[in-house]
Amino acid sequence: MSADFQRPAHRIIAMVARAGIQPDDVASVVRIAAAVAAPVGAPVEALILGEPSEEDARQAALAGATDIWFARHSDLTDEATRDRLVSAFALALSHPDVTGEGRPALCLFAATPAGEEIAARLAVRLNGVAIGRCTEVALAADGLTATSAVCGGRAQLAASYGSVWCFGSMRGAMGPSPVVAPGMPLRAPTILQLGGRLPESAAPVRRTPSNAPDTPLEHARVVVSGGRGIGGAEGFALLRQLSESLGAALGGSLPTVDAGWIPVARQIGQSGKFVAPDIYLAVAISGTPQHLAGIGPNTRIVAINSDAEADIFRFAEIGIVGDWRIVLPALLTELKRQTTAASS
Amino acid sequence: MNLVVLIAGIADPKLPLAIAPDRRSLEGERIASPFDEAAVETALRIRDSLPSATVSIVVAGETGSQGLIRKFAAFRPDRIIRLEMAVPCWGARRAARHLAAAVDGLGSDVVLVGREFGDADDGAVPPALAEELGRPYFGLCQGVRTTQGMVLFREIDRFEESITVESPIVVSVTNDRGNRLRHPLMKNIMMARTAPFEAVASAIDRPANENGLSIAPVEAQRRVAARRILSGPMETQVTQLAAFLREGEVMA
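Protein chains in written order, with the numbering used here: chain A, 35 to 378; chain U, 7 to 258.
I should point out that these hints are in silico values taken from the structure, not numbers from a laboratory. The beta carbon of each residue, even a glycine, is placed where N, CA and C say it ideally should be. You can trust all of the hints, since none of them are fake.
What the simulated footprint calls covered on chain U by chain A, stretch by stretch (three residues with Cβ under 8 Å from a Cβ of chain A suffice, anywhere in the stretch; the number is not a length):
1. 93-102
2. 120-131
3. 165-178
4. 234-242
All chains should be built: construct the whole structure from the sequences, respecting the hints.
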């Protein structure tokens, strides 16, 4: 039986944009691709847009990539717009060194709004399939099956595709990179010099710094998040104090954004940011599937809610049944006391 | 300026999910998602500031869309159209082709669509639609300013991004305090109950189930290492919680 007998129909390429104002974390994207590849023992390629970097190559290799491509272009700067990222990816995927034997690829992007946009646009531009944000992708010799959450996470949709290029994203756990197994073949990265000009959009985007001072959500070790039960902006002011006390990032559920208590950039959930901190402190959050979809599966949830029957307690490692108006001020005082005691 | 708003609606989250026997579609009336409403409100605000602007609301779906049509008719769009295509339309490219064909027939300048079109829990349809139409795309728009031209904006991390709309474009709209749907006048709600609407067949054929699509309900599942509700005097609970947040462990 030859080694190709069970070879999956698709190559697996982790698509990493290191240019633009929100560069992807190399290891996170490659790790997701590696998780998809692992059940079938397939190799993982990493296509990294941006200037070649030893550190990026190292991160990609540690996360499981055995073939690494750097696609460079003078227009791929820190200010590169998504239009340029889409164009650059399209050029890179059309490069003869990348298309190789013509086998289709499963191209996996960061599960961010930018990654999902780029994946969908490339699917159309390159006449592939947009598989969307998946919870699972199973590879087989005749194609793949992509499973996605739908209907607010209440159902899952499974769709199977044959040998066609597929573009999508997956959310996954963040955490330490897997150690490269001894003997795993690691080739030196290949540099692709993309030619021509990357077209800019007919509707150029202007960018100005905003007044958002808060710790970014994406890489916070601790996230403090409030739900509808907070009841108003004043409650979020207290949550902000708590997040600052913990060195945490502040987030909120969809209803709190709709109410104007927190900006949409801080929304966590199926339709908001996906976060995977060590600890997620959910205050007055009921625990709907839509909200939990925004929290990494390995994150330790701590819940404070006055309703002992709230769903959030089913998923919390520890919880306090109590009114946040009483618990939070006491918690702030106690944190200060413990911190002072620890440093004296 | 011609504004076209594309609406799919979602399965009502307050009701049990009704998966059809074919396991590919959903039964029941759909309701507006927060993103559908935000897209409509954005279009209405633009029309408020540009008297020459027209708003056409396209509600997708042969069945389950009656409530949506009546709801949005109450906002007095210039046209309200039912696009006869299957909803949910799984597959972002397939949905985008349906919508692109419909948009092409309407003569639009700005296409507005909620950041999630229908019950697919991702934002793939709007950018796919922009590519199908060959138009620029501005995703996750939070609002519009009309004092100096028509400027759409969004916040990304510590930046605000904006564009001035001067050419045909596709815009996806996300929920924001500033774009909550207004309340329609009662007289318009009454009028909408019997207002006529146009029905347009999709120009795209409905394919066979070549992707082996199937839907199945799921229970929310998460790995739970331990579930412990703290007890005792609140002071003790708070002490334990503080220690956990600082150290990652709960002392007995």
